[in-house]
Structures are given as C-alpha cells and as structure tokens.
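Number of protein chains: 4
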Amino acid sequence: MIKVGIMGATGYTGLELIKILKRHRQVTLSWLTSENSAGQTLADVFACPWDDPLITSETAPLDDVDVVFLALPHGASIPAVKRAYEAGVKVIDLSADFRLHDAAVYEKWYKTTHTAPELLPIAVYGLPELHRSRIRETRLIAGPGCYPTSVILGLYPLLRHGLMAEPYAIADSKSGVSGAGRKATLGNSFVEVNDNFSPYNIGHVHRHVPEMEQELSAVSGAPFTITFTPHLLPINQGILSTLYVRLKDPLTTDDLNSLYREVWTGEPFMHVLPPGKLATLRHVVNTNRVTFSTTAIDQRGNAIIVVTLDNLIKGASGAAVQCMNIICDVDETEGLLF
Amino acid sequence: MIKVGIMGATGYTGLELIKILKRHRQVTLSWLTSENSAGQTLADVFACPWDDPLITSETAPLDDVDVVFLALPHGASIPAVKRAYEAGVKVIDLSADFRLHDAAVYEKWYKTTHTAPELLPIAVYGLPELHRSRIRETRLIAGPGCYPTSVILGLYPLLRHGLMAEPYAIADSKSGVSGAGRKATLGNSFVEVNDNFSPYNIGHVHRHVPEMEQELSAVSGAPFTITFTPHLLPINQGILSTLYVRLKDPLTTDDLNSLYREVWTGEPFMHVLPPGKLATLRHVVNTNRVTFSTTAIDQRGNAIIVVTLDNLIKGASGAAVQCMNIICDVDETEGLLF
Amino acid sequence: MIKVGIMGATGYTGLELIKILKRHRQVTLSWLTSENSAGQTLADVFACPWDDPLITSETAPLDDVDVVFLALPHGASIPAVKRAYEAGVKVIDLSADFRLHDAAVYEKWYKTTHTAPELLPIAVYGLPELHRSRIRETRLIAGPGCYPTSVILGLYPLLRHGLMAEPYAIADSKSGVSGAGRKATLGNSFVEVNDNFSPYNIGHVHRHVPEMEQELSAVSGAPFTITFTPHLLPINQGILSTLYVRLKDPLTTDDLNSLYREVWTGEPFMHVLPPGKLATLRHVVNTNRVTFSTTAIDQRGNAIIVVTLDNLIKGASGAAVQCMNIICDVDETEGLLF
Amino acid sequence: MIKVGIMGATGYTGLELIKILKRHRQVTLSWLTSENSAGQTLADVFACPWDDPLITSETAPLDDVDVVFLALPHGASIPAVKRAYEAGVKVIDLSADFRLHDAAVYEKWYKTTHTAPELLPIAVYGLPELHRSRIRETRLIAGPGCYPTSVILGLYPLLRHGLMAEPYAIADSKSGVSGAGRKATLGNSFVEVNDNFSPYNIGHVHRHVPEMEQELSAVSGAPFTITFTPHLLPINQGILSTLYVRLKDPLTTDDLNSLYREVWTGEPFMHVLPPGKLATLRHVVNTNRVTFSTTAIDQRGNAIIVVTLDNLIKGASGAAVQCMNIICDVDETEGLLF
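These protein sequence lines map, in sequence, to chains V, W, B and A.
Heads up, the first sequence is in the numbering used here, so the first residue is 200 and it goes up one at a time.
Heads up, the second sequence is in the numbering used here, so the first residue is 200 and it goes up one at a time.
Heads up, the third sequence is in the numbering used here, so the first residue is 200 and it goes up one at a time.
Heads up, the fourth sequence is in the numbering used here, so the first residue is 200 and it goes up one at a time.
No incorrect hints appear here.
Intra- or inter-copy, both count: the list cannot distinguish identical chains.
Okay, derived cross-link-like pairs now, DSS-like style, lysine-lysine, Cα gap no bigger than 30 Å in a straight line:
1) 221 to 382
2) 307 to 476
3) 382 to 310
4) 382 to 307
5) 202 to 281
6) 221 to 476
7) 221 to 202
8) 382 to 281
Since the hints were derived computationally from the structure, they do not count as laboratory data.
Because the structure is a prediction, the values reported are computed rather than measured.
When you get a sec, could you build the whole thing from the sequences and use the hints?
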C-alpha cells in the first residue's frame, strides 16, 4: 500500500483528492492537514461520512508517508513543497508554484519572489499525455492548471503535426465556480453568481496564460500566443473551452476528427467524439475524462475545437492521482474510473 | 414630490427599494448611504446604470427628506431610527429592531439590549393587510420579516374566523438565498448552495418565531405557538410556506377558498388561487403579490395552506413602500405594480 | 460473475443502474433494452463513453441472464415482470407495479387493472433495512418508491418502539426533477422549473401515499395515516423529507438521536448525524446513503425528523442493486460505496 | 390609446410583450390569440394574475386594432403577417420570416418557400439604433433575432468607422434557455440543461448567421463573414456575446471605449461600461438595455467586445415595443424603463 498525506485537505481539490484516494485500492490515507480546521474531522467540515482527523501541517509526519499531495494556495506551497521534497517523499503539488520553468516569469505573473528556484528544473508539468516518461522519473510534480489542461490538450494534436497557420489561437473558456476555490467572497456568493454569466481577466492577463504559452511553445518549437477569455458559469464543476484556430490548409471535420483520434490513441482518458457530436460538460463532470469535438468551418482553414473536462478532477485532483499512479508504478487508471 | 433618503442602500433590500422608488412617480431620491461604499456610486456596487452617489449616514441630511428608509442590520438600526424619528421625519425601518412590542422579548431573542424602548409603543408593525389604519397614523413603521409575512397572512383568515382546533400550526418554509443578506460567507457561497437544499434553525429557535407568535396571538386573542422550519432553496428570491393546520370542523377545499377570497376582498396584493391550483414562486417573484392556495385533506380537519411571496419585495422593500404610500396619502399601489 | 439484463435502460434510473453495475466487480452486463432507442448505443443516448448496444425487450434473451432489472413505467412493467419471473430469473422491478400487496389498492390508486395479482404475494418490498431476511428468500423484488423510502425509514425507529402519540405524521417532502423521469414535458422544461419551487399532488393524493401507509401500518400494527406534501426543487437529484411527529412522551434531541443510532446500528447505508447537525442533500447526492437528523421541539412531544437520500440511488437504482447483492449472496455494499 | 392585438400570446416572447404592454401608459390590449389555449385565460397558462381571454387567430378582429404583434413560429408567421398587413394595421413580426431581404436566402436557410416575397422590400429590420428613420416610415417591422441583435450592435461602431482589419469576426455567444421557446423537448428539460453547458449549431450553420451577415455587410459596404458559436447556458434569460475582432491599427482600451460611447450617444438603451468593467448578464436581464465592454489585447490589433442583452426583451419583445413606439409617435422609452 502507498501511504499518502494531503496538505490542504479542506479545499475543493482537497476533498476531491480524498474521494478519489478512498476509492483507490492501493492507497492508505495517513494524514490530512488543514490550518483552519485542525482539531476537527472531515465530517465537521464537509457533508460527508468520514471521521478522518484534521491536523496542522507542522505536526504532519513527513517520514510516515510515501507521497504528499499539496492543495495549498500558490505562494504558500513553495516552502511546504521544499520541506517535503527534502524529506525524501514523492511530492505532487496542485498549486501554480512549480509549473513555470522560469522563476522570472513566475515572479512577473504572480507578483511574488520564488524562494525555491532550484527545484524548478526538477519539477515536471503533470500532464501525462505530454510528459509521461518524464513524470515517471521525477519526485516532484507540478499539477497543471484547470484552464491550461483544456487549452493545451485541445491544441496539442494540431501543433504536434504543424498544422496551424500562425502560432496563435483564441481560447474562449467557461468554468464552474469551484475553480475559484472554497472561500467566502461576495463575488462568489450564490445570489451574485446564480442566473448570471460573466467574463473576467480577459485578453492576456489571467495567470494561466504563461503556463499555456510555455507548454504550447514547447510543442510547436516557437513562441506561441494565446488570447484567453475566461467566463464564470453558474454551475459548480466543469470547464468548456471553445478554441478558435486557423489551419495552414483547410481540413474537413472528418479529417480533423481522425487526426485527434490518432494522436490520442491509447490514452485512457482522452475521448474524441464522432463528427457531428459536440463536447458538453455532461460528458465529463465527475470523471477524469477529457472530451474533444472538432469542427471545420470554411475554406480559409477556420476551425473550432471544443474541449471539456472536470476542473476539480482532470483539471486538478484526478490528474494528480494519475501522476501518482505513474510515479508509483500502479495502473494509471486506478481510482479514476468511476 | 416625496423626498426620500435610504440608509443602507447597498444590501439586497436597499437595491430593491431603489428600483421600486425609481419607478415611483411621486418620489425623489435625495440620498443613499452606505458605510462600506461611501464615495462610490451605485453603478460601482451593482450591475446597474445608476450613478447616484453613496454617502455615509453621518453626512446624510435628515432635514432634507420627508421619509427615511433604513435597511440596516438589526441592532445597528436602533440609534439610526432614533435619530431620524427625533429629526421629525417619517421612518420606515426594515430591520427587526422595532417589530417586537416587548423589549424583553427582543433582548431574549436578539441577545442585545434595546436602547430605544420608548419608541416601541409608537412603532406599528408594517403589514397593511392587518394594521392599515394604525399605519396611517404613525411616523414609525417596523417592516415585518419575510417569513413572518408569509406565515401571518397565511393563517390570518382562519384565526380571524376562529376556525382552528388549537392555537398551533406548523410552518414549513423555504426561502431563496437573498434572505440572508448581501455578504460574503462560506455557507452562502455558490458551490455550497447550488444543487443543495438544507434546513436550518428548525423547531422553535429562528428569530422570526416571536414576531409570528406576537401577531398571531394578537389576532386570535390567546397565545399562539408555531413550529417553524426554514429551509434554504438554491434560488435567489422567493419564499414558499407550507402551513399545516387542524380545523375545529372540517371544511372543503372550496369553502376554505371562499373564506380566503372573502377575507382578502379589496386587498390589492393578496391573490387567492382557484381550488386545484397551487401557489408557486413563479406567481410572485419580482412582484409585491402574495399568493395563497388552500387544500382540505381529510375529515379530521387537516388542511394545508400554501403561501408564496417575494422575500425582497412583499417580504421587505415592497411592503415598506406600501406603508410609505399609506403614510404619505399616495395611492397604495403606486410603484408596486410591475 | 452475475449476468444481468436491464429493461428500460434509457431512463434516469436505467442510466444510474448501468453506472453502478459497471463499477460492480461481480456483474457482467449482458444486455440493455430500450423500445425507443433500440439499434443505437448508450453513447448515442447519453453523454457517456459506453458503446453498449440497445435492443428491444422482445429480442432480449432472458435465458442468458441471472438477474433482470426492470426500469419501465408502471403498468408496462407487469407483463415484463411476469415473463421474466416465469423464465426463472431473479427479477428486480423498479416500477410501482408490485409494491402494493393488495391488487384492489393498486387499482384504486393507479386506475388500471393488475394483470398479475398472483405474483403480489411473492413480491417483497425491497427495503433491506426492514425486510432483509425476506428479500434473501424471494426471486421477485418490488423496489420502493423514492419518497416512501425517505418517509418509511424516517418514521421506522419511532414506530418500532411505539413512541408516537397518534398513528399519523406529516411528511413535507422536496424532490429534484429527475424523480419525474426522463421525458419531454412543458412542466419539467428548464425555464419552468429553474428559479421556481412548487408543491404538487398535496394532502393525500400522491400515488406514493398507499405505499407509505402500507409499510408504516405494518410496522406499527395498526392503520397509519400520512399527510404528504411533495414539492419540486430546481435541482437534478435528491430528496429531503421534513417529518413532523408528535411523541407520546417528549424526548430530548439527544435521546431521539441515540434511538436512531441504535435502531440503525449495523446498517451500512443509514447515517445518523450528531445532535445539532441537520441533514442536507449534499450529504447524500451521488451516494447510496440515507442521512437522518432528529430535533425535539417542545414539552408537548413535537419533534422533527429530517431525512435525505438520492432519489435515483437509494431511492431507486442503488436500493435495487443492494437487493440484488442480498439475493445473489454478494457483499451488500458491493458497487455501492462510491 | 393605441389598440393592440397579439398573435401567439402564450410563448415566452408573447408573455414578455404582455408584461411590457400592461405597463405601457398609451396601450390597450384588445385581444390575445393562442391556437393551443384558446378558450382559456392567461392565468390558466401562466403563473400570473391576469384573466385576459385567449382566442384563436381566426376569430381575432383585425379591424379593431391599430397594431398587431406576431409572436409565431417562423413559417407560420408569413400568412398571418400578410393578412394583417392587408387589413391596414401596423404589423410587428417577431419571427424570422421578414428579416432577410432576399427570398432565396430565406429559402436556403429556412428550407421553406417564402409565400409573401412582395412584402420583403416593405419590411424594415427592427433595430432602431441602425434603422430608426426607416422604421418610422413603414407599417411592417421584422423584429431582429436575439443573437443578431447582440452581434450587430457589438460590431457596428467598428464597422461604421471602417476600423476592422478584415471583413470577419468571431462571435462566441451564450444564451439562456428561453431563447429556444416555450415547448416540451427532452433537450430543454431541466435535468438535461441544469449543471450542463453545451455548444450547438456551431461554425457557420445557425439560422441567425445570414441575418447577421446581411446587416453587417450593409454597414461595411462589402461582404462580411461571421464565425458564430452559440452555447446553451443553464439560466432562463440573457445573452452574452464575446466578439473577437482584429483592428487595422491597434487602439487602446480607452480609445475603443470612447469610440463606443460616441457612436451610441443619445441612444436610450445602449450602455457602454467604463474601461475595466466587463458586461455581464446581471446588467441587462429584465431590462431593455444592451451593455458593452471593450478590451484591447495586443499590438497586433486584437480586441474583444463583450455585449449583453436580455434575449426576451431587447432581443425580442422590448425591441418590438420600441419599434411600435417609433411608428406610433410615442416616446421611444415608454413601457421600457423598468
């Protein structure tokens, strides 16, 4: 059995991790931390039947676990990752702190100094569909952001085959509210969000932009730019990204579809819908799947790729467990087929 | 024109007041206060097109208005009401501070000392359907709570005619989230409320209980007891109360229906549905109406009265403007037919 | 492996059965029927990744399975159950057709002749918490209605101990929309239901009433009457029943709580919350659990029991699989802990 | 007083028309038709307090009204418009039947023969912000589609000033469910739509495309092409269109903002938000307003225009009444400021 500790167990990604790991047949949950709720149990915090105690990170015995997941706010994750990594355990970080290879880029977008830049070259961006072999060989995973997972996986087949007319795409994304985390803010209160729909941080200013551009540039071998427009949906879970691309040469919808199917062959969680069917949130919520649909529009090469995933699962905790399975040499889908 | 000031303009009842008063053909809005947002405009705070400035209560010129509405938290309302009343203006308070005639009852339920008990005998409970003539003659209105409005109006026809078997009823109430006010709490955040439904403060502990019992006891001429079970609905606005009563002698649904129609004859906002139709939130949201349906169940006299209203309108700001119309000798429905 | 066939696979309970059985480690799905969608696959009908073919009931090989689940409309289920039962397989019917022991009661409430009354004495009401030993010995299960499951389990501890002052209770129930089945009606269209909340079939007229009264009368050994008020919630899944009872002698909330804990000891899916915590839909949606909270109100013995469950799982497909596990001598929780 | 008849009063646009016209101080509702509900009253069909009778179109006296609104399905509207126009009344059609100037284009997109092509040159596209003077002089208005209203108004300021780099834009639009009309379909049932989000008819296939391209081509004086991606939001009312444009020369967000303010100067319902504020549905639902926000992205001229409106009001019934006000020489905002 793999012994697991979770730091930051009382956020939405923490809860999702716990749900997955309680299903996982080769994992024992050793401890859960929560700075705000230490001393209580999970059942005190969530409407769930689990009496697992919550402790402070300070008192969490790192030497008692094989793997530590960190579901902490960005910034707060850096020292915790460092401590865990130095204690010799496998570390899977769900924050943004180790996703960007370049500390200067991190500091520009997150307005804070990176205090463990020496770990950046060791961290692997936890997208198994792109980096499976490198994930297998590290002890430090940087779990990707939820929006970037949808955008990167959605454009990857086109970029790998060099089909785009320009190193540029538009991502019009829509996310459920849990993406903003479990916290009390007026903007995320029920009355403000319900029956409403609103864009935020649009254009080229959302913090997920550099992460997308880093990965897409690496695939295409040249600087890639994204126009990124996130919107807030009045639902709990799920991301749908509508990607607008221009291809060098027009392809038919059928050709695009075949391309995506071929690129994702063998990937257990990539699900390309047949031509004529469009990806929806219903395809993915409460699963670790990513669903794709491809639509050619005109003779000028305009096309639309729709990508959906569950922001808390494949966009966060499911991807993290998938990485753990790879690192720990367990079947990659264990705990993730539900 | 009636010159109006609003204290506490940036809560949900404040916004609803503003919307109604901007439609009102005999009102000018003189000033709006907000301690948190003073210096900004309404359009900075709400997704609305109005540029009215927000000022602090301290700087609000009481001598410049005929009527002041107070949409402040309970407790905070007492000194503000006192100041306004002493300045000689007409005062309509939407808080709970002047609803209970007995300061000791107030202090027991609200756990705070009442610092203006001398005003309690002057305050009239602002339910025109019960107290229209007394409302006409006061300068201080205590706007009723949203739940009590539904329960009191729902039981009033039976009590006025002395038809109940015992001085007791069960009120199973369901309310939209705006009833909790405009503030950031984890419990009212979108993800917690959406797709959920939950009871709270059930039995005989919610602060609206003494208000219901005070008014129902007054109508029936003897102590009346309520079992009150509020639940939180995943919607913004609206209250539905399902009232369970036992009648002395069984009545048919038709007889109950006739009784309610007769009692509410001439009331512009009371709407009794025909037998067989049941009251829903759709009947009332965004209106000042109260909708009733009556259902006899069995030969033992069990019956169900369903009552619906919009908690922000007839349950708060609409009722407040209705009282203002009465006090200011304006058509009672002005601004309220929309 | 248990070979399973499902008749009526394309309703919401059908889909939920499929999801559970695909997780079940001792089940093989042999065939799925759908009169409307025969010739298509599951993935054509639902946003899911499963390509299982859909066939007509006519062509479904009954001799190829050990267990048949029927998720058909009431009335339509009778001949299908009869055929399957006579073919010698184990039959689990999710319709209302075999729940009532008395064909005359069935005919009165369902306005249709019961064409297989000879099977009624064989059918066992599929509530393991009440009838586990009888379930083990039959080949024909009548899966309980969703509302009755909540009301019967909620009152059972009080009735078994003879604590109620009268053989009568009020059940104020609220259900998500999936309870109405998967079909196109104006009343269940999004715009009509969203932001709305409405009672329907209230008092003593809903078809689930005789089922509740049959089971509650059996437990209490005397005719038991229910006032039942269902309401439609703007959510997909979940039932919350607020039960109003009067006890012979008042009990404290703690005593009530201990009683419920004791009665449900050893039951894997019954979950009694500690005093002070109230049952919500969040506790149960997407699980096979039933959550209870108990609240004493006053010295006259008034008390409130709140019960929640997922109408599609413990209220239908989860309970059906639980019964299958019992009949097939498999661990009762297999496939149901998710 | 203007005497008004409404054909097709029991759809969502019909109800919205009625609500607006009952507020309108210079209108009398003469009759309402509904083929399905003739013989009933409005209160039988909707949760409203109005007892207006519903009659068949056959029996509706055209000589008794000054204005007829038609809220009928496309195709069905053609003969009704023809009859009303020939009877000499003012006709405001909310269907798609008279929006396209070219009968051949209509027939290509709507797959049906246009049986009154002689009226097409008379019909004016009912967008006062573009065609006010022509609206004033006709007796036949073709009310614009909801999506086209958002896209045309959103691009108009750029096109009028010749600022776009190419005659092409991407419109990523999201609409509430009422846009699909009031009818029973599985796809629009609550359970299917709630907690879901889905694209449909994407690329260049939705029937609103030719209408957008007709109007945008007319403004720009050359063929204009749209990539149009509608999505279904789990809300009742509201459209948000995110428009992606490339400008000839990059402008700042401030410059774009000034341009939009200047172009819409004097328009009572066009509302340009200040730089930094983004348009949301909350700005417009239950109003006749259109809200715009403008965001420059980069030095290559990429920019995003966000436009919101209420699909039932400015996207249908509000615009229709606005046109009526113009034709009937009434204040253009009468009935529309609420």
